[in-house]
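> Kindly produce the complete structure, drawing on both the sequences and the hints.
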Amino acid sequence: MNNIKKINKFKNKVWLASPTMHGEELQYVTEAYNTNWMSTVGANINEVERIACEKTGCHYAVALSSGTAALHMAVKLAGIKKGDKVFCSDMTFDATVNPVVYEGGEPIFIDTEYDTWNMDPVALEKGFEIYPEVRVVVLANLYGTPGKLDELKAICDKHGAVLVEDAAESLGAAYKGIQTGTFGDYNVISFNGNKIITGSSGGMLLTNDGEAAKKVKKWSTQAREAAPWYQHEEIGYNYRMSNVIAGVVRGQFPYLDEHIEGKKAIYERYKEGFKDLPVCMNPYDAKNSEPNFWLSCMLIEPEAMCKQVRGEQEYLYLSETGKSCPHEILDALTKVNAEGRPIWKPMHMQPLYRMNGFVTREGNGRANTNAYIEGGAVGKDGNPLDVGMDIFHRGLCLPSDIKMTEEEQEIIIEIVKACF
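Okay, so the sequence shown: first residue is 200 according to this note's numbering, each after it adds one.
There could be a bad hint or two in this list.
Straight-line C-alpha distance at most 30 Å; calculated DSS-like pairs for lysine-lysine [what the hints assert, rightly or not]:
hint, residue 1, residue 2
1, K544, K463
2, K375, K474
3, K506, K470
4, K325, K275
FYI, nobody ran anything at the bench for these hints, they're computed from the structure. Treat the numbers as computed from the prediction; the structure is a model and nothing was measured.
Quick look at the structure:
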């Protein structure tokens, strides 16, 4: 840690992931302004929906105000009713899960697997054994890496379950040559400010079901009926994307592949820079997956972890030569004006959802209280029984901003090394 004192603060903050703009965005926003199409209709909206279909291979796209709005529409399409149990990815941002609750559903969390840090197919199958009544599965592709989508989809098909794919973090990523955001019955992408391309906000529902797309267009504009007055026969929402936001997205789309290349280069530099440390990068199946490398993350080997404890909002750690922990590294980055983040805290650990069901590959995760001891109980395969908790305990997200220079990244690599 003493070596860090020799490194001056970055003059400009090195961000985790911030928007990278190119100029065309302003052209389309200005077009919306000059033509006075500033609301939720216009050429920009039509074009981003067309481009999204062309890029992903999906038949229909509906541009909405946020990825969360798109997820809400997706779970509504899936037919979730009050009291319905719904299987959800456990290690994700809560925006993946909250829309289930909007519709009165009860999330049941499916544990993570180490290969991709996504929903574990073995745990999902176990979930259907425990909760055979479940008919909807909501899964997320974490940090731009596809899960084992063919296995997960096959399990859903076997049990007659609707699949909702949250591809908010994985736009442009592919699994076995097929773009993410197309594997579910209803799929979601996001254009939030930190995503691979951005509109500052915004999201999109993708589907091959034309009737479903029509429903979402209606619901997202307050469910107005085709009457000469404002006629409403069902609940609606103010969820449509504005033509101004769509202008930003329209200007960003041509740079998606360029952004992915930049993110991949960041990932590879970290991987090379850390090759002599007791850490590994967030994994992916190189044979079947092409991530978009949205965020570069690292996982500290168990034997290299110094003592670290967390409360609900506080943490403590004890520095130890040759060892480190996520918060020691994150504190070191903060000192030099660089932004890192902890891994997503699993949903079953969140106070909001702590009483909900949780399924590991060996069954009911709630049945084993030792699963709450970080680094504690292990399963039959010798791995921690609660995989999501283990990754959260040992992992962190590194600065992954496309505008970060190679020199800045080299300094960050040296900071991480100094923590050990």
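> Does each hint hold? Answer for all of them.
The hints, checked one at a time:
| no. | hint | in the structure |
| --- | --- | --- |
| 1 | K544 to K463 | holds (24 Å) |
| 2 | K375 to K474 | holds (28 Å) |
| 3 | K506 to K470 | holds (25 Å) |
| 4 | K325 to K275 | holds (25 Å) |
Taken one by one, the earlier hints all hold for this structure without exception.
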